[in-house]
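For the sequence shown, this note's numbering begins at 1261 and goes up steadily by one.
Keep in mind the hints are simulated off the structure, nothing from the lab. Incorrect hints may appear among the rest.
[Unchecked claim] Computed Cβ-Cβ distance ranges for the label pairs, DEER-style: (1) Glu1650 to Met1980: 31 to 41 Å; (2) Val1379 to Ala1358: 52 to 62 Å; (3) Ser1697 to Leu2010: 20 to 30 Å; (4) Met1980 to Val1494: 32 to 42 Å; (5) Asp1493 to Ala1690: 21 to 31 Å; (6) Thr1947 to Arg1883: 37 to 47 Å; (7) Gln1755 to Lys1541: 25 to 35 Å; (8) Glu1979 to Thr1766: 10 to 20 Å; (9) Asp1692 to Gly1966: 31 to 41 Å.
[Claimed, not checked] Straight line, CA to CA, 27 Å or less: simulated DSSO-like cross-link-like pairs of lysine-lysine: (10) Lys1541 to Lys1684; (11) Lys1541 to Lys1562; (12) Lys1328 to Lys1465; (13) Lys1328 to Lys1304; (14) Lys1345 to Lys1465; (15) Lys1738 to Lys1645; (16) Lys1399 to Lys1345; (17) Lys1516 to Lys1450; (18) Lys1399 to Lys1465; (19) Lys1497 to Lys1465; (20) Lys1645 to Lys1562; (21) Lys1715 to Lys1738; (22) Lys1516 to Lys1497; (23) Lys1821 to Lys1715; (24) Lys1715 to Lys1684; (25) Lys1552 to Lys1460; (26) Lys1304 to Lys1286; (27) Lys1552 to Lys1541; (28) Lys1450 to Lys1544; (29) Lys1853 to Lys1897; (30) Lys1562 to Lys1516; (31) Lys1497 to Lys1419; (32) Lys1516 to Lys1544; (33) Lys1897 to Lys1645; (34) Lys1497 to Lys1544; (35) Lys1972 to Lys1962; (36) Lys1460 to Lys1497; (37) Lys1552 to Lys1645; (38) Lys1497 to Lys1304; (39) Lys1460 to Lys1419; (40) Lys1552 to Lys1576.
Here the structure is a predicted model, which means the values were calculated and not measured. Positions of the beta carbon are idealized from the N, C-alpha and C atoms, including for glycine.
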Amino acid sequence: MALQLVTTGLASQAQGFTNCAYVHPKDLETLANTAGVDPEKVMKRGLLCSVGDAVFLVQQFDRAMQGKICIGMLHRLAGSLTLDKPHAINPWAPTRGAPFVLSTISIEVNLVSGNTEVVIDAGELARHIVQTFSGHVFKTGQQFACLYHEGQSDQVPLKLTVLGYEFADTGDGSSGGTSSSPSRFGMIQKTTEVQVSKGKAAPIKLQGSSTGKANKLFEKGFNFEEMGIGGLDVQFKEIFRRAFASRLVPPDIMRKMGQNHVRGMLLYGPPGCGKTLIARKIAKALQARPPKIVNGPEILNKYVGQSEENIRALFKDAEAEQAEKGDDSELHIIIFDEFDAIVRQRGTTGGGTGVNDSIVNQLLSKIDGVESLNNVLLIGMTNRKDMIDEAILRPGRLELHVEIGLPDENGRLQILSIHTNEIKGNGMLADDVDLQSIAARTKNYTGAEIEGLVKAACSYVFSRQVDLTDLSKTPDFKGVQVTAADFERALDETQPAFGVREGELTQCFGNGIVSHGADFDRIQTTIMRLTSQVMNSDRSPLVSVLLAGPSGVGKTALAAKIAVESGFPFVKRISGESLVSHHEEGKANVVQKAFADAYKSPLSLIILDDIERIIEYVAVGPRFSNHVLQTLLVMAKALPPPGHRLMILGTTAIPDMLEAMEVTSAFQLRLDIPVLETEDQYRSVLTALSGMSPADVSAVAKHMNGKPVGIKKLLTIVEMARQDDMGRPLPKDQPTTAEKFYEALVEWGL
């Protein structure tokens, strides 16, 4: 039977910082007898009783009047109690079979009074709540007070509000779960995990984690290595070690070690290598808030100050949650695509508005300012790391720089396997398709280009099944497979952006390379040995050779042939004609970009063809472009990044003049290509190319002895000699005569 007691206020302020109600000892004894509990034990510890809509620990208080119950203001609000009115007091017991022990409880913290900022260790407060209120029963929305003194000179009165809780699994068949009804009560015990957060307007700064545990970033059983993207296993491991391993460590350990989490990382590399895909996979794997994905140009706005406001808006949620929950805040991920569009080096953009500089400054203040955020991970992606302001790349900001480069052969095999997995799983990949062989032949293909290769191979399958005479007819794909022949044709039509423009190079030696003496053979052998040295020697990451000789001796043809036959996966030819449409600064940028692209490939070859034309040399007037010259000198001498190897082949017709400009000093070796001059040289070339009889070859060779002629000019003369009087080519079976050759010599002034 309920005991009717009149509600009164507390006798002292100290009683208000408990979750207890106080009655006369005789009234407490009556409640104990009603509950069937030993009164002696109740007198020592108190008794849990329902008072109105709440449950309190009722204890004896000698100064309380019999027939009355002393309850503080916050407790009266929780129980919907009125002063000086009688209320029924019943011993409380949990519903049989229902969970009541709390596994976790979320509590909001506010100051009882005052507006001076107070720093509170969330972990210490959580432990204090467990120690003080273990065995007490609460409901959702209930308010109570406690005194906190850890780290403070004076005790700080706090008002605590129960936001919600979860019940522990009792193991007796009753399931735990989140409280959804305020009529259900839960008991704090020593094992209860308390999660504290500050009130929105409270002048409180929470430090540390209330749980003492790191946030659960990954689902149970998640394996980071199993999530690897083709060819990026090494990069994934580095990202996990630097950016996520620390976030699995309890915050107090991080604080004891004096370490902060990595707040940002930069993914950079050529287009199509998987930067965006990595960012998406990371965001998908984490048990964090949905990532904010922003394209860099979207931040820019024509209105003054709006671009900076857009930056602040990205961090607004993270700031609010960190202020509320401290280290218990969830991880907020912000992904910037085309990052270089908004963080270019300060002072380099024109217009006078200073918007770019302001954006960089705003971003810096958010990542690493006075009130820096520890619950943010900023992921920037760019193809142009060199354009980004250096301040944002230093430690404490975007300190982790991961190069997402061109995949190696094993990586390409992984990517091919990923993109052909569905085809193979459905029995549509022919047995003659050798993915290992395709991976070996797709040097310098990006992941996107390999995906395009598979699409191109599939397109041949589609076209075979389509009836061009009746396009309305539904194609029949029963038993259709993608074959090795489809991949062969796809390989012929696809070209990697960082590969070899073989067609352009083969044009440079369309007539082939003809040996014309021991000196020329020695030069060929030397260059081939040097290419092998670059490929195989760890001590020669950079080899540069200057091919010198008069115009028409075959310097360009030899360099192009070496480039094609060497097997270098990346070859870039820079020549005067490729730069003719650029102004001076543009030419320097083209040269610089060619070297930057070469550094993205593990093995590269650059041909600097006709260096005098590249630097705009003329014999009179303004002699050359110093800007282009200096760029060329710097880049030709610079060592490639670790793990990359580069060979440079330069050609020039004026080596002496280039020596005065110090260009030749930028090359490690100079090889002089000889002109044709001796009888034996002419005999070997004419025998191979002219189609003349041996007697005519000997006569012409003897006639040309001592006359210096470049191989290119000689080939043109030979071709001219093979035309009839009407300018038509002679039949292939008709030999060229010495007389025709002499006529061509006359036309050429020889």
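Hints, verified against the model:
1. Glu1650 to Met1980: 31 to 41 Å: Taking Cβ atoms as reference, glutamate 1650 and methionine 1980 lie about 60 Å apart, which means the hint is violated.
2. Val1379 to Ala1358: 52 to 62 Å: Cβ of valine 1379 to Cβ of alanine 1358: about 40 Å, so the range 52 to 62 Å is violated.
3. Ser1697 to Leu2010: 20 to 30 Å: At roughly 51 Å between Cβ atoms, leucine 2010 and serine 1697 fall outside 20 to 30 Å, so the hint is violated.
4. Met1980 to Val1494: 32 to 42 Å: Violated - the Cβ-Cβ distance for methionine 1980 and valine 1494, about 58 Å, lies outside 32 to 42 Å.
5. Asp1493 to Ala1690: 21 to 31 Å: 29 Å, holds
6. Thr1947 to Arg1883: 37 to 47 Å: Since threonine 1947 and arginine 1883 have Cβ atoms about 43 Å apart, the given range 37 to 47 Å holds.
7. Gln1755 to Lys1541: 25 to 35 Å: Taking Cβ atoms as reference, glutamine 1755 and lysine 1541 lie about 28 Å apart, which means the hint holds.
8. Glu1979 to Thr1766: 10 to 20 Å: Hint holds: Cβ distance 18 Å, inside 10 to 20 Å.
9. Asp1692 to Gly1966: 31 to 41 Å: 60 Å, violated
10. Lys1541 to Lys1684: Roughly 24 Å separates the two Cα atoms, so the pair holds.
11. Lys1541 to Lys1562: Outside the cut-off at roughly 33 Å; violated.
12. Lys1328 to Lys1465: Cα-Cα ~40 Å, so violated.
13. Lys1328 to Lys1304: Holds, at about 20 Å.
14. Lys1345 to Lys1465: Violated: lysine 1345 and lysine 1465 sit about 40 Å apart, past 27 Å.
15. Lys1738 to Lys1645: 49 Å, violated
16. Lys1399 to Lys1345: Status holds; Cα separation ~23 Å.
17. Lys1516 to Lys1450: 25 Å, holds
18. Lys1399 to Lys1465: Measuring from Cα to Cα gives roughly 26 Å; hence the hint holds.
19. Lys1497 to Lys1465: Outside the cut-off at roughly 35 Å; violated.
20. Lys1645 to Lys1562: 26 Å, holds
21. Lys1715 to Lys1738: Satisfied, since the Cα-Cα distance of roughly 19 Å is no more than 27 Å.
22. Lys1516 to Lys1497: 26 Å, holds
23. Lys1821 to Lys1715: Violated, at about 32 Å.
24. Lys1715 to Lys1684: Within the cut-off at roughly 14 Å; holds.
25. Lys1552 to Lys1460: Distance ~23 Å between lysine 1552 and lysine 1460 Cα, so the pair holds.
26. Lys1304 to Lys1286: 14 Å, holds
27. Lys1552 to Lys1541: 14 Å, holds
28. Lys1450 to Lys1544: 35 Å, violated
29. Lys1853 to Lys1897: With Cα atoms ~15 Å apart, lysine 1853 and lysine 1897 stay inside 27 Å; holds.
30. Lys1562 to Lys1516: 46 Å, violated
31. Lys1497 to Lys1419: The hint is violated at about 45 Å.
32. Lys1516 to Lys1544: Answer violated: lysine 1516 to lysine 1544 is near 31 Å, above 27 Å.
33. Lys1897 to Lys1645: Holds, at about 21 Å.
34. Lys1497 to Lys1544: Distance of about 17 Å is within 27 Å: holds.
35. Lys1972 to Lys1962: 20 Å, holds
36. Lys1460 to Lys1497: 39 Å, violated
37. Lys1552 to Lys1645: 22 Å, holds
38. Lys1497 to Lys1304: Since the Cα atoms of lysine 1497 and lysine 1304 sit roughly 58 Å apart, the hinted pair is violated (cutoff 27 Å).
39. Lys1460 to Lys1419: Between lysine 1460 and lysine 1419 the Cα gap is close to 13 Å, so the pair holds against 27 Å.
40. Lys1552 to Lys1576: Judged against 27 Å, a Cα distance of about 12 Å means the pair holds.
Hint compliance for this structure: hints 1, 2, 3, 4, 9, 11, 12, 14, 15, 19, 23, 28, 30, 31, 32, 36 and 38 are broken, all remaining hints hold.
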